[in-house]
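Generate the whole structure from the sequences, applying the supplied hints.
Listed in order, the protein sequences are those of chains H and W. Residues 3 to 282 (our numbering) are what the first sequence spells out, left to right. Residues 295 to 476 (our numbering) are what the second sequence spells out, left to right.
Take the hints with a grain of salt, since some may be wrong.
Interface residues of chain H toward chain W, partial, derived using beta-carbon atoms under 10 Å [to be verified]:
| hint | residue |
| --- | --- |
| 1 | Thr-41 |
| 2 | Ser-42 |
| 3 | Gly-45 |
| 4 | Ser-46 |
| 5 | Leu-48 |
| 6 | Phe-50 |
| 7 | Leu-51 |
| 8 | Ile-54 |
| 9 | Leu-56 |
| 10 | Ser-57 |
| 11 | Thr-63 |
| 12 | Gln-74 |
| 13 | Val-141 |
| 14 | Trp-147 |
| 15 | Val-153 |
Don't read these hints as lab results, they were simulated from the structure. Don't be surprised by glycine CBs; every beta carbon is placed ideally from N, CA and C.
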Amino acid sequence: MTLQVAPPDVRTPEESRAITERQSGWLVIAEQESRDLWTSGRGSLLLFLFSILLSAVTYLTSTNQALNFLEQRESVNLVLQLAVAVGVLVTLVVSADGISGERERGTLESLLVTPVPRRSIIAGKLIAALTMWFATFVVTIPYVWVLARGVGILGQALALGFCVGTLVAVGLACVGLLISGVCNFNKTSIAASLFLMLILFAPTQLPSGLPQGWFFDVLRRANPVDSGLAYISSILVNGHSWTQDLSYLITPLLTAIIAGGALILAGPRLVRLTPGVNAG
Amino acid sequence: MRALIMILLLAGVLIELPAPALADPLTVEVVADPPVVSTVLGDHFEVSTEVKNTGTKPTGEILAHLNVASIEGSVYVDPEDWSSERSQQLSLKPGESRELSWEIQAVNSGQFAAYVVVVPFGGSVNGNEQLSISPLVKVDVAQRTTLTAGGALPVVLMVPLLTGVAAGTALFRVRRRRGAGT
Numbered sequence: 003m004t005l006q007v008a009p010p011d012v013r014t015p016e017e018s019r020a021i022t023e024r025q026s027g028w029l030v031i032a033e034q035e036s037r038d039l040w041t042s043g044r045g046s047l048l049l050f051l052f053s054i055l056l057s058a059v060t061y062l063t064s065t066n067q068a069l070n071f072l073e074q075r076e077s078v079n080l081v082l083q084l085a086v087a088v089g090v091l092v093t094l095v096v097s098a099d100g101i102s103g104e105r106e107r108g109t110l111e112s113l114l115v116t117p118v119p120r121r122s123i124i125a126g127k128l129i130a131a132l133t134m135w136f137a138t139f140v141v142t143i144p145y146v147w148v149l150a151r152g153v154g155i156l157g158q159a160l161a162l163g164f165c166v167g168t169l170v171a172v173g174l175a176c177v178g179l180l181i182s183g184v185c186n187f188n189k190t191s192i193a194a195s196l197f198l199m200l201i202l203f204a205p206t207q208l209p210s211g212l213p214q215g216w217f218f219d220v221l222r223r224a225n226p227v228d229s230g231l232a233y234i235s236s237i238l239v240n241g242h243s244w245t246q247d248l249s250y251l252i253t254p255l256l257t258a259i260i261a262g263g264a265l266i267l268a269g270p271r272l273v274r275l276t277p278g279v280n281a282g
Numbered sequence: 295m296r297a298l299i300m301i302l303l304l305a306g307v308l309i310e311l312p313a314p315a316l317a318d319p320l321t322v323e324v325v326a327d328p329p330v331v332s333t334v335l336g337d338h339f340e341v342s343t344e345v346k347n348t349g350t351k352p353t354g355e356i357l358a359h360l361n362v363a364s365i366e367g368s369v370y371v372d373p374e375d376w377s378s379e380r381s382q383q384l385s386l387k388p389g390e391s392r393e394l395s396w397e398i399q400a401v402n403s404g405q406f407a408a409y410v411v412v413v414p415f416g417g418s419v420n421g422n423e424q425l426s427i428s429p430l431v432k433v434d435v436a437q438r439t440t441l442t443a444g445g446a447l448p449v450v451l452m453v454p455l456l457t458g459v460a461a462g463t464a465l466f467r468v469r470r471r472r473g474a475g476t
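As structure tokens, then:
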């Protein structure tokens with residue numbers, strides 16, 4: 003039996019602290035950014051508007067006298083789809099403020115001098131933006147409960163909304179951060195994200211009764227929001243199993259992988275100061 | 295003379311015209327059970343039918359097909375919503391009988407008639423065969439309202455109220471901090 007003695011720690015306290023900070027830097031940034039999002043009132047205000055939208059749709063759905071048993075599944079589907087779509091698109095807009103907003107407010111400089119790797123800054127901002135999605139999902143739960151309790155699909159609807167929504171939200175939050183990193187001005191970044199939001203959201207509003215050829219199917223599958231919603235609909239309304247239409251999740255998954263990969267690779271170059279852009 | 299020739303020609307044409315041939319009627323008897331079903335909107339129920347060949351020849355390929363119709367008011371009925379498997383193909387020897395089950399879901403409220411019709415099947419069908427129809431199964435579907443405005447109202451009001459209070463508090467604190475800063 004050999005007694006093993008640990009080598010003495012030769013690091014200085016400053017070095018140790020720097021290493022600790024580097025290891026949990028993303029967590030510190032995530033905490034700071036989340037606090038900033040929620041205590042500044044931005045997140046709370048968006049959440050309030052989101053709840054008004056869901057309340058209006060839920061009330062209209064529940065007062066519809068023509069609803070019957072089968073259509074109630076569709077009403078659950080309608081509210082859940084709206085919640086997922088709006089929730090992930092709000093997340094996109096919040097993440098689009100992540101880097102360009104810091105640049106414009108003049109706070110990016112102080113962030114860059116902290117001993118945190120730039121990839122950790124991006125990871126922290128990504129997590130903070132995702133708290134917006136998680137908050138919208140928590141707000142969605144009572145609405146889905148009201149509509150789904152009578153038809154016994156509450157657990158299924160919530161699990162489905164959470165899984166699909168989180169996948170789409172991760173992809174779109176990465177896209178939003180990429181846009182924010184590329185754009186020098188926050189207005190440009192927000193405008194580009196809002197435009198992207200419209201592009202992604204508009205096809206979900208097309209009437210389902212239209213003739214659906216191969217081009218419509220390609221468009222639907224190419225859109226991460228629309229294909230995610232189609233997956234939810236196929237399970238909740240058509241009664242398909244979770245594995246039957248998994249191909250609908252390819253685009254959301256690819257979006258998350260490609261945008262996330264691009265963020266990891268290009269992140270250090272995106273988080274930078276730009277000449278001529280400041281708070282003034 | 296010309297009139298006589300015309301009459302003879304016309305008579306010849308009429309004699310040559312083939313008379314519509316009546317195909318052998320289906321010697322099939324269909325019995326449905328139960329005669330009355332009382333259920334609630336959204337519930338599933340089953341109707342059984344017994345198809346029996348009462349003739350002396352094999353039936354050949356035949357098709358039993360379920361249909362649902364509203365017998366009250368003007369309720370729109372889409373039978374595909376009621377049952378996804380509405381056709382069953384079979385063939386019966388003389389005297390043979392087969393029991394067929396039909397899984398049905400009540401998707402509208404009101405009074406309905408469910409019945410099974412047996413039709414000949416295949417390329418040898420001429421188009422004027424007699425059909426065999428089961429007795430009517432009366433389906434009474436009671437309304438079930440699981441979704442009401444009253445049930446949704448607490449959530450519809452409370453959630454925006456809570457998020458509004460949270461947003462208002464956050465904005466008030468920000469303004470107070472800014473005020474203290476200046």
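Structure-based check of each hint:
Hint status for Thr-41(H) relative to chain W: holds, with the closest Cβ pair at about 6 Å, below 10 Å. Using the Cβ-Cβ criterion of 10 Å, the hint placing Ser-42(H) at the interface with chain W is satisfied: the shortest such distance is roughly 6 Å. The criterion of a C-beta within 10 Å of any C-beta in chain W is met by Gly-45(H), whose closest approach is roughly 8 Å, and the hint holds. Below 10 Å, beta-carbon pairs count as interface contacts, and Ser-46(H) has one with chain W at about 4 Å; its hint therefore holds.
Interface restraint check for Leu-48(H): the shortest CB-CB distance to chain W comes to about 9 Å, inside 10 Å, so the restraint holds. With its C-beta approaching chain W no nearer than about 4 Å, Phe-50(H) sits inside the 10 Å limit, and its interface hint holds. Residue-level restraint check for Leu-51(H) holds (minimum Cβ-Cβ distance to chain W is 9 Å; threshold 10 Å). Taken as an interface hint, Ile-54(H) checks out: its beta carbon lies about 5 Å from the nearest beta carbon of chain W, inside 10 Å.
Restraint check, Leu-56(H) versus chain W: the minimum CB separation of about 7 Å is within 10 Å; hint holds. The interface hint given for Ser-57(H) is met, as the beta carbon of that residue sits about 4 Å from the closest beta carbon of chain W, less than 10 Å. Interface restraint check: Thr-63(H) against chain W, minimum CB-CB distance 8 Å, threshold 10 Å, status holds. A least Cβ separation of about 6 Å between Gln-74(H) and chain W falls short of the 10 Å threshold, and the interface hint therefore holds.
Hint on Val-141(H) holds. Least Cβ distance to chain W is approximately 6 Å, under the 10 Å limit. Annotation: interface hint on Trp-147(H) holds; nearest CB of chain W at approximately 7 Å, less than 10 Å. Because the smallest distance between the Cβ of Val-153(H) and any Cβ of chain W comes to about 7 Å, under 10 Å, the interface hint for this residue holds.
Against the hints set out earlier in the document, no violation occurs for any number.
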